[in-house]
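J.: Each chain, written out:
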Amino acid sequence: MQRGPISRALEREDTLAFWLLAPTLVILTLFIAYPFARGVWLALSNATVGEPGHYIGLANFEKIFADSIFRTAAWNTIVYTAVTTVFKLALGLWLALLLNRHFRGKSWVRAFILLPFIIPTVLSTLAWKWMFDPTFSVFNWLFWKLHIIDSRINWLGDPDLAMASIMAVNVWRGVPFYAISLLAGLQTINPDLHEAAAIDGANRWNRFWHVTWPLLLPVTMVVVLFSVIQTFADFQLVYVLTGGGPANATHLFATYAYQIGIGTGLLSEGAAISLAMFPALLLVVVFQLWYIRKVENR
Amino acid sequence: MSRFTRRKFLQASGAGLAGILATHQAPSFAQQSTVHWIKWNDFVPASDELLRKQMLPEAMKAIGAKITLETVNGNDLQPRVTSAIQSGSGPDVFMLFNNHPHIYGASAVDVSDVAEAIGKAQGGYYNVAKANTQDGKKTLSVPWAVIGAMTSYRKSWFEEVGYNEFPKTWQEYHDAGKKLKAKGRPLGQTLGHTFGDAPTFSYPYLWSWGGKEVDEKGKVVLDSKETLESVKFMQAFWKDSFDEGGLAWDDTNNNRAFLSGTISATLNGASIYIETLRKPDQYKTEKDRPMKEDIRHSPLPRGPKGQFGFHLFQSHMVMQYSKNQKAAKEFLKWIHTPANYEKWFVSQKGYSTPPAAMWEKHKMWDEDPVMAPFKIAGKLGLSPGYAGPPNRKSAEVLTKYIVTDMYAKAVQGMSPQEAVKWAAGEVQKIYSGA
Amino acid sequence: MIEGARWKKWVWFYLPLGSFIVALLFPFYWMVVTTVRPDGELYRPWNHPLYSPFWTSHPTLDHVRNLLTETLFSTWMWNTMLIAFVATLISLFCGVIAGYALARLTFRWAGILGTAIFVTYLVPQTLLFIPLAEIIRDYHIGDTPWALILTYPTFLIPFCTWLMMGYFKAIPKELEECARIDGAARWQAMVYIILPIAVPGILSAGIFAFTLSWNEFIYALVFLSSPEQKTVPVGVTSELIRGDVFFWGALMAGALIGSIPVAIVYSFFVEHYVAGMTGSVKG
Chain S
1 MQRGPISRAL
11 EREDTLAFWL
21 LAPTLVILTL
31 FIAYPFARGV
41 WLALSNATVG
51 EPGHYIGLAN
61 FEKIFADSIF
71 RTAAWNTIVY
81 TAVTTVFKLA
91 LGLWLALLLN
101 RHFRGKSWVR
111 AFILLPFIIP
121 TVLSTLAWKW
131 MFDPTFSVFN
141 WLFWKLHIID
151 SRINWLGDPD
161 LAMASIMAVN
171 VWRGVPFYAI
181 SLLAGLQTIN
191 PDLHEAAAID
201 GANRWNRFWH
211 VTWPLLLPVT
221 MVVVLFSVIQ
231 TFADFQLVYV
241 LTGGGPANAT
251 HLFATYAYQI
261 GIGTGLLSEG
271 AAISLAMFPA
281 LLLVVVFQLW
291 YIRKVENR
Chain B
1 MSRFTRRKFL
11 QASGAGLAGI
21 LATHQAPSFA
31 QQSTVHWIKW
41 NDFVPASDEL
51 LRKQMLPEAM
61 KAIGAKITLE
71 TVNGNDLQPR
81 VTSAIQSGSG
91 PDVFMLFNNH
101 PHIYGASAVD
111 VSDVAEAIGK
121 AQGGYYNVAK
131 ANTQDGKKTL
141 SVPWAVIGAM
151 TSYRKSWFEE
161 VGYNEFPKTW
171 QEYHDAGKKL
181 KAKGRPLGQT
191 LGHTFGDAPT
201 FSYPYLWSWG
211 GKEVDEKGKV
221 VLDSKETLES
231 VKFMQAFWKD
241 SFDEGGLAWD
251 DTNNNRAFLS
261 GTISATLNGA
271 SIYIETLRKP
281 DQYKTEKDRP
291 MKEDIRHSPL
301 PRGPKGQFGF
311 HLFQSHMVMQ
321 YSKNQKAAKE
331 FLKWIHTPAN
341 YEKWFVSQKG
351 YSTPPAAMWE
361 KHKMWDEDPV
371 MAPFKIAGKL
381 GLSPGYAGPP
391 NRKSAEVLTK
401 YIVTDMYAKA
411 VQGMSPQEAV
421 KWAAGEVQKI
431 YSGA
Chain W
1 MIEGARWKKW
11 VWFYLPLGSF
21 IVALLFPFYW
31 MVVTTVRPDG
41 ELYRPWNHPL
51 YSPFWTSHPT
61 LDHVRNLLTE
71 TLFSTWMWNT
81 MLIAFVATLI
91 SLFCGVIAGY
101 ALARLTFRWA
111 GILGTAIFVT
121 YLVPQTLLFI
131 PLAEIIRDYH
141 IGDTPWALIL
151 TYPTFLIPFC
161 TWLMMGYFKA
171 IPKELEECAR
181 IDGAARWQAM
191 VYIILPIAVP
201 GILSAGIFAF
211 TLSWNEFIYA
221 LVFLSSPEQK
231 TVPVGVTSEL
241 IRGDVFFWGA
251 LMAGALIGSI
261 PVAIVYSFFV
271 EHYVAGMTGS
281 VKG
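Residue numbers (the working numbering), protein chains in the order written: chain S, 1 to 298; chain B, 1 to 434; chain W, 1 to 283.
In case anyone wonders, no lab produced these hints; they're calculated from the structure. Given the structure is predicted, the values throughout are model-derived calculations rather than measurements. Treat each hint with caution, since some may be false.
Unchecked claim - Some chain W residues well away from chain S (every beta-carbon gap over 10 Å; in silico):
| no. | residue |
| --- | --- |
| 1 | His58 |
| 2 | Asn66 |
| 3 | His140 |
| 4 | Thr144 |
| 5 | Val199 |
As the list claims (entries may be wrong) - Each computed EDC-like pair below joins lysine to aspartate or glutamate, with the alpha-carbon atoms no more than 20 Å apart:
| no. | chain 1 | residue 1 | chain 2 | residue 2 |
| --- | --- | --- | --- | --- |
| 6 | B | Lys400 | S | Glu62 |
| 7 | B | Lys53 | W | Glu228 |
| 8 | B | Lys181 | S | Asp158 |
For glycine and all other residues, C-beta sits at the position ideal for the given N, C-alpha and C.
Whenever a hint applies, use it, and build me the whole structure from the sequences.
T.: Structure representation (structure tokens):
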């Protein structure tokens, strides 16, 4: 069959690959690689808003590591990510197991259950902010009516409660994603395996632990990986709920970087804080990828 | 999802969505130049309405340029300035608070011509206005207004605990607050990261005990006996007398709390009182009288070293990246002509005090005695960075909320010594940096 | 099916499921109630005797009307839809072909490039937004939708690529070989044989991308300033909180209506969404 010169050129796999990858590489180089390099330079300079500044080496990093708020933000981010991931996984898995059964209205429930994840975070978080408002909170009303409390709970004003509140909202937002993904995974497990195990005398728990869980592990790891990356860099939720307060108690890397860089105009310090996030995240991700590989090759 | 119900859902929401989108107006392409003015959302909404509905259309006719007004939450002004400067585009005229012009000075257009003319014609600017807008080389911004911060309080509630006059010292205020809190009517104050009510409390409080960030020579003297005293007092004061939710409050929470009767006194601008004037039927006391009859204003109590105040200062900066600088300056000149500015000032009902001395004699101040304390807010009042001059460094300390955090940390459990050391350390880092 | 007594079914199934549904969907109910609740009721403190959180006896459409007439909400909706749509198209185009290349072609750099694309997903937005602001300033696209249309693909493309890679890997290699044997060119095999099969995956990647664009906040916050240019998330949070008052009624109305387009798109493709997950996680 006759083929034009372009077709022939595209026969070679590497040429075709080159052209297929070109648009992606152009965009990512222009809008990520180059800005990343500039960001690194920014972190090594003393630029502030409107003033380009000059190279000062690692001085910014010394400054931020000595900054107690930075250390709080770093610790918060780690705790925030770890705790919410555990809860999201546990609750998501439970919900997935529940949804895996047949019941009336199954498709409706499965469809609606994803709403917290679909709705723009900022908008749903605003609803939560209203529910937590110290003067008008519906939760306060509920607990008061149930006689569990007799004075106001300060959801977002007490430093520890505030952390718990933002973690609760994050879990609320993330459980559907975990649930639906794990449900998808559950549905690929052949029911015969369960039957066989049941016949062999395994009870419910054993069936889950020895049959379901191992087969679910690849899906789980992928979901956890994606979720950890997002949660680590979370900005919107904290920005809307507390702005990092009260008294810096709920700052995460991203919100603190924003406050210092954009809020106070200290661009170079803000860049340093963001950059500090990157190695930590890289480590977590590399570890997870290694673990996934290990699980896949078992 | 069954096809039938989905279709219905889509029909309903699709129709609704189409309706919503249909209300969108096509963008108009202006041929003339535009001046984009950004200011905070005024706590007296009537003034923003006056601007939008009356004054800006008039300005358009007078200057020949379209003026678009954008109002944002006060706390968002700073991030907006930074993003605008960095991306090289944004509003032409920016409202800034306190000594912030010093932070963005490099991107400001010199407005000495505009500012000097106004100052001279209107009786001279107050010191606080000059200090915040001039850095010795150029005039960074044109002073706009001073928002007096006074304590709004419920007269009848204070009388019930034995205070016919507002407490004059911190000890008296502590005592009154303790009695009030026992009745479920605590004092309210924010110690959060919000531009208005937090610094306007924490700085004068510090100064009234004799503490300060720097001395006249610029040396950092925050770590002192006086500062320590103030922090110690604050710990007990907070627990005994204040609504402890204040740690998470921004500038609007105390307004709402006061108006819904959950706190008895709070440092604020006059917006609480003005709101009760606006809607006398909505805000009632527990005796079903209009709340406006029960509100009074007072300066902050005195400390061992005197009585101080820090009043929010506002000015307008013309940005260097702006392509409409000439029109922007014309606009500022126009809005500051006494006839025009007066309209805005009167709509504020005393919430704002003009930055120049001529306005002290205006008859509006005589109309409502409840507002009388606000008249001289511009004359009193010190700036952050006291006793040094307002400059970039004091602006950085302000935007980082170091003084406010010192108290916030202490009331959350940090020992006073640690809190003071921390704050002094942070201030030192800023003042010794380049 | 659960074997056993009726009550067991209730305790182990209906109760937990019911609790999940209530917990997950209650905030939306709350949004709806707040949207139609008149202001007088809205601002009652929680220990007020007449506090009735779960319903209102005087529903009103005032907040919705205010939202649509007094604010630029409809403009923000247009902006967000336009930006999300175009950014999704760009990202799908790049992601699909890149995913194909990485999943089904063999060439030297496949592994490294795949990892590189994945790593870009990790770079925090708070690091990039200042340098990106400079780029945007230099190209004069600040305060226009293009600032977002060109920057959103930075996090959409890696995600789409990754999703499509998983999907493509699940398609048997024989299909292309058959097509080649029948005389089709390499690229024709890709376009006419493989892509049609991958349509469900492409749809789910598209939905995800659309959802993520709609959800984006930081770049929109930093790169846009004029009220007419804003997107829904930025507009709602910046312009509906005025001075002393959070206009909760309008805020919740905005939150509700702002969620509708995404919900519509999602409702179309919910099956593909789930199928897309299955396809990609197998990879």
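J.: Since His58(W) was said not to touch the interface, does its Cβ keep a gap of more than 10 Å from each Cβ of chain S?
T.: holds (18 Å)
J.: Decide, holds or violated, for the assertion that all CB atoms of chain S are farther than 10 Å from the CB of Asn66(W).
T.: holds (16 Å)
J.: For the pair we were handed, Lys400(B) and Glu62(S), check the Cα-Cα distance against 20 Å.
T.: Between Lys400(B) and Glu62(S) the Cα gap is close to 18 Å, so the pair holds against 20 Å.
J.: Looking at His140(W) again, its CB stays over 10 Å from all of chain S?
T.: Answer for His140(W): holds, closest chain S Cβ roughly 16 Å.
J.: Since Val199(W) was said not to touch the interface, does its Cβ keep a gap of more than 10 Å from each Cβ of chain S?
T.: holds (18 Å)
J.: Against chain S, does Thr144(W) hold up as non-interface, every C-beta pair farther apart than 10 Å?
T.: holds (16 Å)
J.: Does Glu228(W) lie within 20 Å of Lys53(B) when you go C-alpha to C-alpha?
T.: holds (18 Å)
J.: Quickly compare the C-alpha distance for Lys181(B) and Asp158(S) to 20 Å and report which way the hint goes.
T.: Cα-Cα ~19 Å, so holds.
Violated hints for the displayed structure: none, as all numbered hints are satisfied.
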